[in-house]
Each structure stands twice: as C-alpha cells, then as structure tokens.
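J.: Sequence order for the protein chains is A and B.
Each residue of the first sequence is one higher than the one before, counting from 1 in my numbering.
Each residue of the second sequence is one higher than the one before, counting from 1 in my numbering.
Bear in mind the hints are in silico, worked out from the structure with no lab data behind them.
Beta carbons: idealized from backbone N, C-alpha and C, even for Gly.
Zero decoy hints are in this set.
Cβ-Cβ distance ranges computed for the label pairs, FRET-style:
id : chain 1 : residue 1 : chain 2 : residue 2 : range
1  : B       : Glu140    : A       : Pro80     : 21 to 29 Å
2  : B       : Pro74     : A       : Pro75     : 26 to 34 Å
3  : A       : Arg148    : B       : Pro74     : 42 to 50 Å
4  : B       : Asp27     : A       : Arg151    : 39 to 47 Å
5  : A       : Met1      : B       : Gly24     : 33 to 41 Å
6  : B       : Val143    : A       : Pro75     : 32 to 40 Å
7  : A       : Asp142    : B       : Val4      : 44 to 52 Å
8  : A       : Glu140    : B       : Glu5      : 44 to 52 Å
9  : B       : Pro75     : A       : Gly37     : 44 to 52 Å
10 : A       : Arg136    : B       : Thr22     : 25 to 33 Å
Here are some, though not all, of the chain A residues that point toward chain B, as calculated from beta-carbon distances under 7 Å:
id : residue
11 : Gly18
12 : Ala20
13 : Leu21
14 : Tyr49
15 : Val50
16 : Arg54
17 : Val55
18 : Glu83
19 : Thr85
20 : Arg87
21 : Pro107
22 : Phe133
23 : Thr135
Chain B stretches covered by chain A per the calculated footprint, using a threshold of three residues with CB under 8 Å from any CB of chain A:
id : segment
24 : 8–22
25 : 44–53
26 : 109–120
27 : 124–135
Each chain, letter by letter, is given below.
2 protein chains.
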Amino acid sequence: MNEVEARERAATMLAEAGIALTPGERDAIEVADFGLGRLDEIGLQIVVYVNTERVCAKELVLFPGQTCPEHRHPPVGDDPGKEETFRCRTGSVELHVEGHDTVTLRPGAQFTIMPDTLHWFRAGDEGAIVTEFSTRSRDETDVFTDPRIVR
Amino acid sequence: MNEVEARERAATMLAEAGIALTPGERDAIEVADFGLGRLDEIGLQIVVYVNTERVCAKELVLFPGQTCPEHRHPPVGDDPGKEETFRCRTGSVELHVEGHDTVTLRPGAQFTIMPDTLHWFRAGDEGAIVTEFSTRSRDETDVFTDPRIVR
Numbered sequence: 001m002n003e004v005e006a007r008e009r010a011a012t013m014l015a016e017a018g019i020a021l022t023p024g025e026r027d028a029i030e031v032a033d034f035g036l037g038r039l040d041e042i043g044l045q046i047v048v049y050v051n052t053e054r055v056c057a058k059e060l061v062l063f064p065g066q067t068c069p070e071h072r073h074p075p076v077g078d079d080p081g082k083e084e085t086f087r088c089r090t091g092s093v094e095l096h097v098e099g100h101d102t103v104t105l106r107p108g109a110q111f112t113i114m115p116d117t118l119h120w121f122r123a124g125d126e127g128a129i130v131t132e133f134s135t136r137s138r139d140e141t142d143v144f145t146d147p148r149i150v151r
Numbered sequence: 001m002n003e004v005e006a007r008e009r010a011a012t013m014l015a016e017a018g019i020a021l022t023p024g025e026r027d028a029i030e031v032a033d034f035g036l037g038r039l040d041e042i043g044l045q046i047v048v049y050v051n052t053e054r055v056c057a058k059e060l061v062l063f064p065g066q067t068c069p070e071h072r073h074p075p076v077g078d079d080p081g082k083e084e085t086f087r088c089r090t091g092s093v094e095l096h097v098e099g100h101d102t103v104t105l106r107p108g109a110q111f112t113i114m115p116d117t118l119h120w121f122r123a124g125d126e127g128a129i130v131t132e133f134s135t136r137s138r139d140e141t142d143v144f145t146d147p148r149i150v151r
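Just chain A, with the same shape it has in the complex:
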C-alpha cells in the first residue's frame, strides 16, 4: 500500500462511517509512515480539523492491525505538553498507556492521555476511526521510542 492508496482507503472508511469531509480535507488526509516504509503495519491516517494555540481536533484512521508506534508529547516552553483524549468512533483500537492497564476501545469508549506519557495503539481486525480531542499539536516535538522514526 502506498500513500495515495492509504489516503483513498481512509477517505472511504470515513465516508462509510458517515463522517463528512470537505473535498479539500479529503485531499489533505495526512498519511504517516513514520519514515519506516511499512505502512501496512506501522502507520496512521489523519484529518486535522483544527489546531490553534489552545485546541486541536483530529480524526485518526487506522487500517486493520495498523500500529501507531510508542511516543510521548513532552513539555515545550510554557506548554506542559499535549493532553489528548481518544474517542473510538468505529472498529476497535488497543491502547497501551504507560502506567495503565491495556484497554481496548470500541465505539463510544474513550481514554484521556496526560502530557509526556508514553503510549502506542493498534487497530483491531476491522480497523478503527478515533476522534482525538487535545491541546495544540506540535508533531515535530513528539518523542518516539524507536530512534529510526522520523515524524
């Protein structure tokens, strides 16, 4: 699967879930392979709805078995780091958060991850759509456990 195919597939999943996007948003779906070139296993498709100084919201789309690798959102200047709530919309996602038992989120379930806390997640057999409600995103400052990762 290449980037164009991943974008198309994510758009289809969102449409099937009844989540409306503008044509511009559909074209701008971000496909993150984290620099590893193994999109089928490790990757994430992202629609950024808003990202102001104070508030960010995204739709995260994961294909069956796809993993977002372990990382944390460290403090940056006056910002204590990104706080994020994941709310599962469709499918299922297994969420691993430092200091917590592993939890499987299904539609309607959610989990809040506090700043600077290691976490990673993997979609179940149907894939997953997860809405993320958070403070400002600064992806370039995320710290990944795997040193080969480039965000």
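Chain A is already provided as a structure; the job is to place chain B on it using the hints.
T.: Relative to the frame of chain A, chain B by itself:
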C-alpha cells in the same frame, strides 16, 4: 416537548447519525432550556465527552428550528475565555458571530469562535448535530444577552 422527550429524541438523532454513545452518556444527555420553558424553540441537547482543565469536547444536538440564544464566554481569572470550534456533522446550522457574516454550516463545515465573542445559532429544517472542540467549558460563567436566561 419535555426534557425526557428531548433527551430521547436527541439520542435517536445521534444513533441515526452513527455516533455511538455509552448507555451512561445516553442517560446523561443534558437538555438545556435556558430557564425559558420553550424547549421547542429555544434549547440545546448536549453530550459532554470530556471537560478537563485544558480541553473540552461535546456533541450538540439541535431539533429543527431550535435556537441556542446569544451569549459569550468571558475571561475567568487566568483563562482568556473559552475558544470553540463548531463542526457540523449532520443537518445544517445557521451561525451568527459578532463581527462576521452569518454562515450556514452543513456537514463537514466548521467555524472557530474566539473567546468573549457574542454568538448564537439556529438549526435548519432537519435539525443539526454539531461537534464542539474547545478549551475548558465553564457554562456557569457564560454571559447571555437575554437577562431572563438562567444557565
């Protein structure tokens, strides 16, 4: 329409839109009549997903023609006031924001309202579901233009 009927109707609209709620969230849908007792015309149904010190997210449900009356979110202590982005999920909503042209949001369209800015909104003929992404909600400090309103 009374509060129980409004809650039931909002739950049905959310289910029809494919938006999953837990049973607890369904039971806790807030029905706001703003103390006016005219829920058919002036009111709002709300699911609060999360409301931490930094981040809030809600689903707002409006019935056909229902209006959320004019108000603003003033600064409170160190908080400059609530910033909120409305993203239309289903139906349509006419949004009136101080200093801006009136805009009609349809599915996939959104608008960000800065702190302390007067705004009100009314659903179109099909009603509307609107996701709100914002900083912390402090409903009790909202300032309504109509002095009869009690939040």
